[in-house]
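There are 2 protein chains.
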Amino acid sequence: MYLYVGLVHYPVYNKNNERIASAISTVDLHDIARVAKTYDVRKFFVITPLVDQQVLAERIRRHWTNGFGAGYNSDRKDAFELVAIVPSLEQAILTTTEIEGKVPLLIATDASIQNDRSISYERAREIIQDSRVIILLFGTAWGLDKCIIDRADYVLDPISGKSNYNHLSVRAAAAIVLDRLACGECVR
Amino acid sequence: MYLYVGLVHYPVYNKNNERIASAISTVDLHDIARVAKTYDVRKFFVITPLVDQQVLAERIRRHWTNGFGAGYNSDRKDAFELVAIVPSLEQAILTTTEIEGKVPLLIATDASIQNDRSISYERAREIIQDSRVIILLFGTAWGLDKCIIDRADYVLDPISGKSNYNHLSVRAAAAIVLDRLACGECVR
Numbered sequence: 001m002y003l004y005v006g007l008v009h010y011p012v013y014n015k016n017n018e019r020i021a022s023a024i025s026t027v028d029l030h031d032i033a034r035v036a037k038t039y040d041v042r043k044f045f046v047i048t049p050l051v052d053q054q055v056l057a058e059r060i061r062r063h064w065t066n067g068f069g070a071g072y073n074s075d076r077k078d079a080f081e082l083v084a085i086v087p088s089l090e091q092a093i094l095t096t097t098e099i100e101g102k103v104p105l106l107i108a109t110d111a112s113i114q115n116d117r118s119i120s121y122e123r124a125r126e127i128i129q130d131s132r133v134i135i136l137l138f139g140t141a142w143g144l145d146k147c148i149i150d151r152a153d154y155v156l157d158p159i160s161g162k163s164n165y166n167h168l169s170v171r172a173a174a175a176i177v178l179d180r181l182a183c184g185e186c187v188r
Numbered sequence: 001m002y003l004y005v006g007l008v009h010y011p012v013y014n015k016n017n018e019r020i021a022s023a024i025s026t027v028d029l030h031d032i033a034r035v036a037k038t039y040d041v042r043k044f045f046v047i048t049p050l051v052d053q054q055v056l057a058e059r060i061r062r063h064w065t066n067g068f069g070a071g072y073n074s075d076r077k078d079a080f081e082l083v084a085i086v087p088s089l090e091q092a093i094l095t096t097t098e099i100e101g102k103v104p105l106l107i108a109t110d111a112s113i114q115n116d117r118s119i120s121y122e123r124a125r126e127i128i129q130d131s132r133v134i135i136l137l138f139g140t141a142w143g144l145d146k147c148i149i150d151r152a153d154y155v156l157d158p159i160s161g162k163s164n165y166n167h168l169s170v171r172a173a174a175a176i177v178l179d180r181l182a183c184g185e186c187v188r
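Going down the list, the protein sequences come from chains U and W.
Quick note: my numbering has the first sequence finishing at residue 188, numbered continuously throughout.
Quick note: my numbering has the second sequence finishing at residue 188, numbered continuously throughout.
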């Protein structure tokens, strides 16, 4: 399994459907890094073009990998060692290509969009288990900009719960999606 | 399905295995309320005996159900309407019994404990689908105190990911457990 996760802070939508760069949320980094570690993700890209936000994210990462946090909580260190802060999706693709020696497929997640590139969880598991290199993309704020969706090779079906309510936090969505995709053989 | 969720802030363990009351984390309330709404949970009990923490949690709840937040984001209102702040597990059991007309079973979650009351996800789904009234208990901080585990009718198996790492946030754990348990018939 060569699974990477990308948390996109630009371009994403705000509440008014405008294209924005969202702020880093430290709890996103903590929660998604720990989920990534649980499901054997190879790297967790935090994608933001804003330099001050890169500096903030890097400061958090270093606190837990090399700073006081590393000694205080080694489990958190293990999780944060997966975090890589990059300015763009392009850089995430380049880094992954350098590591794996092949260009990754992009699977975007979205709470509502279904199009001709939509795939089920079952199909996504097959692709992942087929030893393909994948970056699984999650959007912050009100979700991934259409240009990212258009660029993705596949768009994962929305999480369907028991109700019609589909307003999970990106942290919860990442946890559920990784449990569904990365752990086909896990006892559920 | 008569599924309730309880987020326990006392008694839980701290890092040094001492019994404590943990602080309310607003992101726990947001994330778990939204997960609860997604999976048709009937009520989300926030359990804390600390009066100042009850006041804080209640203030957050009212902001989203009746205050500015209710108009600003009605999806959040729908989620927060499930939140009930109670001083103890006993009160959560009483409230559930009043609503449902029968005493709930308690299923505790824990990242490591396995004992003679441990059950698989498959068995837990059967119990839930058997129209039993259930409160699913999650611990904050370093997890549920032994006295809660001892009191539970069942203890759910730990989440097994792809690695041996089992240090998820309670928010991520609640998302994964509810996806596994409450949505047996969902397309995954």
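Derived by calculation from the structure, the hints in this document are not laboratory data.
Any given hint could be a false lead.
Which copy is meant is left open, because identical chains are indistinguishable; a pair holds if it fits in one copy or across any two.
What the hints assert, rightly or not - 27 Å max Cα-Cα, derived DSS-like pairs, lysine-lysine:
1) 102 with 15
2) 43 with 102
3) 43 with 162
We went through each hint and held it up to the structure:
1. In this assembly of identical chains, the alpha carbons of residue 102 and residue 15 never lie at most 27 Å apart, being 37 Å within a copy and 42 Å across copies at closest.
2. Proximity of residue 43 to residue 102 under the C-alpha cut-off of 27 Å is restricted to the intra-copy arrangement: shortest distance 15 Å within a copy versus 48 Å between copies.
3. When the C-alpha separation of residue 43 and residue 162 is checked against a cutoff of 27 Å, the pair qualifies only between copies, where the shortest distance is 15 Å, while the shortest distance within a copy is 31 Å.
Hint 1 from the list above is the single one not met by this structure.
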